[in-house]
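Generate the whole structure from the sequences, applying the supplied hints.
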Amino acid sequence: MVGRAQTHRLEKGGLIDRSAPLGFRFDGKTFAGFQGDTLASALIANGVKLVGRSFKYHRPRGILTAGSEEPNALVELRNGARREPNTKATTAELYDGLEAASQNRWPSLRHDMMAVNQLFASIFVAGFYYKTFMWPAKFWEAIYEPAIRRAAGLGRASGVADPDHYDKAWAYCDVLIAGSGPAGLAAALAAGRSGARVILCEEDFVLGGRLLADGGTIDGMPAAEWISRTLSELAALPDVRIMTRTTLFGVYDGGTYGAIERVNDHLPSPPEYQVRQRLWRIVAKRSIVAAGAIERPIVFAGNDTPGVMMASAVRSYVERYAATPARRIALFTNNEDGWRTVETALGAGLQIAAVVDARPDVSPAHRALAAKAGFPIMNGSVSGVDGGKDGVRKITVSLTGGARAEVEADGLAVSGGWNPAVGLTSYHRGRPKWQNDIAAFVPDSAPPGMVAAGAANGAFSLGACLRQGFAAGAAAAQDTGRSGKAGTAPAADDEAFSLTPLWHVAGKGKAFVDYQHDVTASDIELAQREGFESVEHLKRYTTLGMATDQGKTSNVAGLAIMAAVSGKSIPETGTTIYRPPYVPVAIGAFAGHHRDENFHATRLTPSHHWASEQGAVFVDTGLWKRAQWYPRPGEKDWLESVTREVKAVRGGVGFCDVSTLGKIDVHGPDAGAFLDRVYINTFSNLAVGKARYGLMLREDGIVYDDGTTSRLAEDHYFLTTTTAKAGLVMQHLEFCRQVLFPELDVQLTSVSDQWAQFSIAGPKTRDLLREIVDPAEDLSNEGFPFMGAREVTLRGGIKGRLFRISFSGEMAFEISVPARYGDALARNLMLAGKPLGVTPYGTEALGVMRIEKGHVAGPELNGTTTAADLGLGKMMSTKKDYIGRVMAGREALVAPDRQVVVGIKPVDKTSRLRSGAHIIPKGRTPGPDTDQGYVTSVCFSPVLDQWIGLGLVERGRERIGEIVHTHDPLRGEDYDVELCSPVFYDPDGGRQRG
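Going by my numbering, the letters in the sequence shown line up with residues 41 to 1034, in that order.
No wet-lab data here; the hints were simulated from the structure.
Ideal Cβ positions, reconstructed from N, Cα and C, are used throughout, including at glycine.
Among these hints, one or two may not hold up.
[As the list claims (entries may be wrong)] Derived pair list, reagent style DSSO-like, types lysine-lysine, alpha-carbon separation capped at 30 Å:
hint	residue 1	residue 2
1	K429	K550
2	K548	K434
3	K914	K945
4	K730	K920
[Said to hold, decoys possible] Restraint-style ranges between C-beta atoms, simulated for each label pair:
hint	residue 1	residue 2	range
5	K874	E1002	47 to 53 Å
6	R1011	P488	28 to 34 Å
7	R321	G414	54 to 60 Å
8	A445	S272	50 to 56 Å
9	G137	H634	29 to 35 Å
10	P311	P621	22 to 28 Å
11	T642	K473	47 to 53 Å
12	W210	G414	56 to 62 Å
13	R321	S148	42 to 48 Å
14	E680	P624	45 to 51 Å
15	P624	K962	55 to 61 Å
16	R954	H634	31 to 37 Å
Following this line, the structure appears as structure tokens:
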């Protein structure tokens, strides 16, 4: 990719690799950069000043900072499925072929039609939304909300599935360090030398922090050389781990920290089998925040003009990237640090137009520098900027004493002081404290085990940063029990730092506090006049600090303006509550691999691979993948396949894998007594070799689960649960055993994964089973009656279990074998049953047959029904106590007007019944007052050749034969149905007992 000439690139210098040129595109135009650039530095090197539009007014915006605090330069990175909105150009590493686009503009960045909003600026003030969209009320859903939603947001999501993968990882250490500036590196040296396990996280892709731009001398050597030696020493320490491109974003209980590692964000797409980002949970005994400080803007008219940039950012682009934001620069500062930008610019051959210093006194050294370089020093403030899309043209200066002056410049560097990065130290509801000498908040009540060091703690000189960082690292190592020698701390001079607080310069025009959300100084003043003085109210009324940068460059200035207009000090005004994440974190990173098929663990039935070979369509039932139906060539849809399967079972024989049912072995002398207490019916009198259907209640009398329980020996029961409740029932039974009935001698073992279980159903079931089990086994009605259960021997000597249980209403057996034989059993059933026309069937056919037979299942066991509601009230024993017995007798649970299970069939046999449709008395208007129940389960019955269903209907059993109306508002369907018996097929049960 060939790019344009880099008109604003210095001929030498910087940390970029000039031997590795890179091409990229921004808004369809091709540009060039180098390895080591960010997108922002490459745009600056190509002379691009206009990079975005503001949220509300669509004002032109340029690059303001050089770090993650950037509020303006938000772009859409990449395209297609990997398009990512709101990416900060200041942190996006340049790579060859990078595609970026500006956002929140139409039809183009330079000619944005939405800039017309600036004409209505006097209307779009703080609280505009709250005051305007109140009337007329009917406009809200029809006009206001759709319009607001269309206007909301900045960038566009791709709208398609993310093709990349994300990961989660865990790490443990003695000392966790955030930041790799002088304080962070010194802390890592001290802790590492002391023998501590150290993890240092740095959000940048190069280590060094502000040293990369501001340099300095440490231990008598240039900062770059000291960084190199320090990194070599740290690399040689066995327990020190340095993680670049990694940002600590949150602090949680128990010394747990959240970090996001941008593993492959610096590439067009991740290499094969690699993740894009990794979310870390780091548990640390001690942590050191050495995240530095954020330079703050000064609020004045036109401060959002492209070409207005933080002074430290100018230094970063010049020194680190050899890119010049402007050629004739003016500086507006209220502190000593801002003058570094003058020295940097002059060293790069740039012209200084003027320095506007708000302090009453400027040091002799700076005056001498100005005299030598030939630029004026103006005592006063910048009160306006003349410029536009193409950048700054000139600035207006309000001089001390009242005079005004104009300075021609194509760039304005601004330094209003520094705010320590207190975010991480304030995440446990901690509040920072105000420090007057630097006019900034500093950490006060940090989370347990955490300290701040260096600029993050309000120490802005290089020497102080090194001392604090080294001392913090040594102390943290000692606190974790490490007794090694930390050695000597690195040393550097302490630069002078003086500051005269200046927050807002009055002037004509909009003066922006929050660049991204277009919050102005007048908005804050308006909020105070309207009673929103509380910082939390101010934040929400004006949206100050609520953008993607979370107010990193705006919050303190906003608080200062509120303090001034409310007659309070800044500490009295206070700060808002700090909440993670410190930087935006992709939802995909939080999810990791837990998405799509990997959203949760997947469990495969023993016959899964065989079923897959048969072309089965699978459905998720909890964690299980179950065969839903088995389509055959020529079948046009699922209904045709399911109908075929049902007819095959009803007329011949079929089998279904039911291994997903919960299976629990109950052993012990008191096993029967235990089951009596958890089921509504009695099991202690169940004969060995027999099975019985059981129902258990919750303590409030509502049905909890159902299933069959077989007695295999005097002290051995085998019970099954529904698939959905397998784990919960096991948990419930263990609670009963250990807490409620500890005196009973009984043991429980979950054996759900130990047994493969198949239901074989249909008139030819015995014929198929005789080919599978040992010929000596008697499968006749007399030898194996309905609800019989016993261990059997299969051909080949394999031991299994056989239960004569039917969920389909047909002659049926359920056969269990050790799970490792499940696949082989399925294949043998197909081979042995081929002459019989055996048909595998899935959960849909199983559901059809259970509805035809009137068996209740999950839709009816919905957490609101009682045994009586389900038509099983007669099972409730009156001769014993059991869980839920007393509460099941409450007045509301035995009321005659409760909704009970009935059968439902459309009057018009051609109508399709819909699950969820409401039951309304015929001739009445649908509504809450006339709603008498709903359809719970539906299917097309091949036997009846129509749609049928089950439902919960008020006084349903008293109304058999009544015609009622079903109302389906979701699908817009209404039709009449007849309430009938829930047993549609073989009501006397002769077929399953045959």
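Query raised in the report: Per the hint of 31 to 37 Å, is the separation of the Cβ atoms of R954 and H634 within bounds?
Result: 33 Å, holds
Query raised in the report: Is the hinted range of 50 to 56 Å satisfied by the C-beta distance from A445 to S272?
Result: 51 Å, holds
Requested in this report: Can you let me know if the beta-carbon spacing of K874 and E1002 is within 47 to 53 Å?
Outcome: Holds - the Cβ-Cβ distance for K874 and E1002, about 48 Å, lies within 47 to 53 Å.
Report task. Look at the Cβ atoms of T642 and K473 and judge whether their distance stays inside 47 to 53 Å. Result -> Since the Cβ atoms of T642 and K473 sit about 52 Å apart, the hinted range of 47 to 53 Å holds.
**Report entry** Satisfaction of the hinted span 56 to 62 Å by the C-beta atoms belonging to W210 and G414
**Finding:** 59 Å, holds
Query raised in the report: Between R1011 and P488, does the C-beta distance stay in 28 to 34 Å?
Result: With Cβ atoms ~56 Å apart, the hint is violated.
**Report entry** Holds or violated: K429 to K550, with C-alpha atoms at most 30 Å apart
**Finding:** Holds. K429 to K550 sits at ~16 Å (cutoff 30 Å).
Report task. Mind checking the alpha carbons of K914 and K945 for me, to see if they're no more than 30 Å apart? Result -> 26 Å, holds
**Report entry** Pairwise hint evaluation, K434 against K548, where the allowed Cα distance is 30 Å at most
**Finding:** Roughly 15 Å separates the two Cα atoms, so the pair holds.
**Report entry** Distance restraint hint 42 to 48 Å, applied to the beta-carbon atoms of R321 and S148
**Finding:** Holds, at about 43 Å.
Report task. Mind checking the hinted window 22 to 28 Å against the Cβ distance between P311 and P621? Result -> Given about 27 Å between the Cβ atoms, the range holds.
Requested in this report: Determine whether the Cβ-Cβ distance between G137 and H634 falls within the hinted range of 29 to 35 Å.
Outcome: 31 Å, holds
Hint compliance for this structure: hint 6 is the single one not met.
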